[in-house]
Amino acid sequence: MHRRGVGAGAIAKKKLAEAKYKERGTVLAEDQLAQMSKQLDMFKSNLEEFASKHKQEIRKNPEFRVQFQDMCATIGVDPLASGKGFWSEMLGVGDFYYELGVQIIEVCLALKHRNGGLITLEELHQQVLKGRGKFAQDVSQDDLLRAIKKLKALGSGFGIIPVGGTYLIQSVPAELNMDHTVVLQLAEKNGYVTVSDIKASLKWETERARQVLEHLLKEGLAWLDLQAPGEAHYWLPALFTDLYSQEITAEEAREALP
Amino acid sequence: MDRFVWTSGLLEINETLVIQQRGVRIYDGEEKECCMAIPLSQIVFIEEQAAGIGKSAKIVVHLHPAPASKEPGPFQSSKNSYIKLSFKEHGQIEFYRRLSEEMTQRRWENMPVSQSLQTNRGPQPGRIRAVGIVGIERKLEEKRKETDKNISEAFEDLSKLMVKAKEMVELSKSIANKIKEKQGDITEDETIRFKSYLLSMGIANPVTRETYGSGTQYHMQLAKQLVGILQAPLEERGGIMSLTEVYCLVNRARGMELLSPEDLVNACKMLEALKLPLRLRVFDSGVMVIELQSHKEEEMVASALETVSEKGSLTSEEFAKLVGMSVLLAKERLLLAEKMGHLCRDDSVEGLRFYPNLFMTQS
Chain A
1 MHRRGVGAGA IAKKKLAEAK YKERGTVLAE DQLAQMSKQL DMFKSNLEEF
51 ASKHKQEIRK NPEFRVQFQD MCATIGVDPL ASGKGFWSEM LGVGDFYYEL
101 GVQIIEVCLA LKHRNGGLIT LEELHQQVLK GRGKFAQDVS QDDLLRAIKK
151 LKALGSGFGI IPVGGTYLIQ SVPAELNMDH TVVLQLAEKN GYVTVSDIKA
201 SLKWETERAR QVLEHLLKEG LAWLDLQAPG EAHYWLPALF TDLYSQEITA
251 EEAREALP
Chain B
1001 MDRFVWTSGL LEINETLVIQ QRGVRIYDGE EKECCMAIPL SQIVFIEEQA
1051 AGIGKSAKIV VHLHPAPASK EPGPFQSSKN SYIKLSFKEH GQIEFYRRLS
1101 EEMTQRRWEN MPVSQSLQTN RGPQPGRIRA VGIVGIERKL EEKRKETDKN
1151 ISEAFEDLSK LMVKAKEMVE LSKSIANKIK EKQGDITEDE TIRFKSYLLS
1201 MGIANPVTRE TYGSGTQYHM QLAKQLVGIL QAPLEERGGI MSLTEVYCLV
1251 NRARGMELLS PEDLVNACKM LEALKLPLRL RVFDSGVMVI ELQSHKEEEM
1301 VASALETVSE KGSLTSEEFA KLVGMSVLLA KERLLLAEKM GHLCRDDSVE
1351 GLRFYPNLFM TQS
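Sequence lines, in order, name chains A and B. Following our numbering, the numbering of the first sequence begins with 1 at its first residue and continues without gaps. Following our numbering, the numbering of the second sequence begins with 1001 at its first residue and continues without gaps.
By construction, these hints were calculated from the structure, which means they are not laboratory data. Each residue gets a CB set at the ideal place from its N, CA and C atoms; glycine is no exception. A hint or two may mislead.
Chain B stretches covered by chain A per the calculated footprint, using a threshold of three residues with CB under 8 Å from any CB of chain A [claimed, not checked]:
{"hint": "1", "region": "1149-1162"}
{"hint": "2", "region": "1259-1273"}
{"hint": "3", "region": "1276-1287"}
Can you make the complete structure from the sequences, with help from the hints?
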């Protein structure tokens, strides 16, 4: 080439430099990936060693499980994200929680016609333990909560609502906003709530209270008792622990699954 | 075994509890026997006898001949000069260790003058009782320490492990930053590798914020497997199942190496892209379902309309029972029918009821 624009050489040189820089950039990422791969292998064997010594501890000791989960959360790791993860494969934590998830779904389905899809953590715990049988490994309430948190990903409305020191577990996609939640919390004390209760404790207008209660009725989460002394009582079957110390009948179990 | 004397079982004034172990059977020589006390001063030496098949571990205790001044005991004479302690409920290691220590220290030789064994038949019952409680407390304390030791070892190991895990998290962030800098100038291969590393560790993908390395090879394989597993059940259930039903079905079938909810969701998200005969559908309510490709929910709506018209009106529960669907999916179908204008709702405290939309049909 005889004719070159001014600075063409400089541009060419720049392009070459850029290309070299990019190349180096690629090499850097490749290096880091290779490093990660190596470190991953090392970590895997560390985890294997840990598992060989303490796998049983995790299996048998609910407090240790809590510590384990909390530490993972602190460093930004989710040991339950995937069954294919190291944690799941080597510590067996995955199978434990995922199976628990199945059991939770089944209990909630079986009792939905009674409580509209809302159940206390205690009740759920009892029913799950019954279902698991005498010889199964013990599960704690903390275990249930962690399993439920994972179930949210399935989109069928699993939710956890804090009420009076414990939790209500929602298993239907009913919309429950702050107002509904607060009324549920109020009802937790006696198992029911009235419009007057709401007005007195929450300082709401009658209309707002009524709307919330109607919504709970519509969703099947509350039952209306017009024969109560004084004014109408809105009962929450989810909070009837005595009623539900009974077993799930075979009929109910059959009806639950299509 | 004539070296034994009767005792109250509580600690005497000059006695301290060294160690207690339940479930120890005492053999007079080779013969099995029952419960009493022997002063340590009577012991010549001790040796361990390992456990065998069907036999508990034992400690053999060789004894001096009984002194003339010995207090009464269960036996007047014995042909053996040793006893065996058989540890039916384990604990022999610790017991042997403590007994050996005591044999070395020989603390009884420094004790203030006292007969070889005094059964305190006399007064001071309160005193004795207090000493007895101290013995029990000490036992509990030791047990607690033992448990604590186990837990704290596990906890220590766990902490060390977490430090290493945190390094992995930091490394993944640094790689993610590199990727961001290069602004997409990263190969497909590298992306796939990176995602699978994240999946193994349970680290959220820092680049795309996608849940936990979605779209990896693993999920692609899983998606293909799901087709095989779900084809028949779907056909049985009218071509549609909620994701929770699928989760239960698949995991019950697997028995072990179960899928996490996220594994399932991520696999299902790939169904369409992989052109598989199943698809994932998300309703407005957030409910997620798997449908056969051949399933046309909109067509099902037409038949739903017929059913509702026949009955005049139906709630989700009633419709579900009639058609043999889950209430969850029945509700979604009726809602879809409403969205398409075929049904009208009557929303009261008595529940949500659907009617044919006469506004549409009767113009």
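For each hint, the structure was consulted:
1. 1149-1162: holds (count 9)
2. 1259-1273: holds (count 7)
3. 1276-1287: holds (count 4)
Of the numbered hints given earlier, the model fails none.
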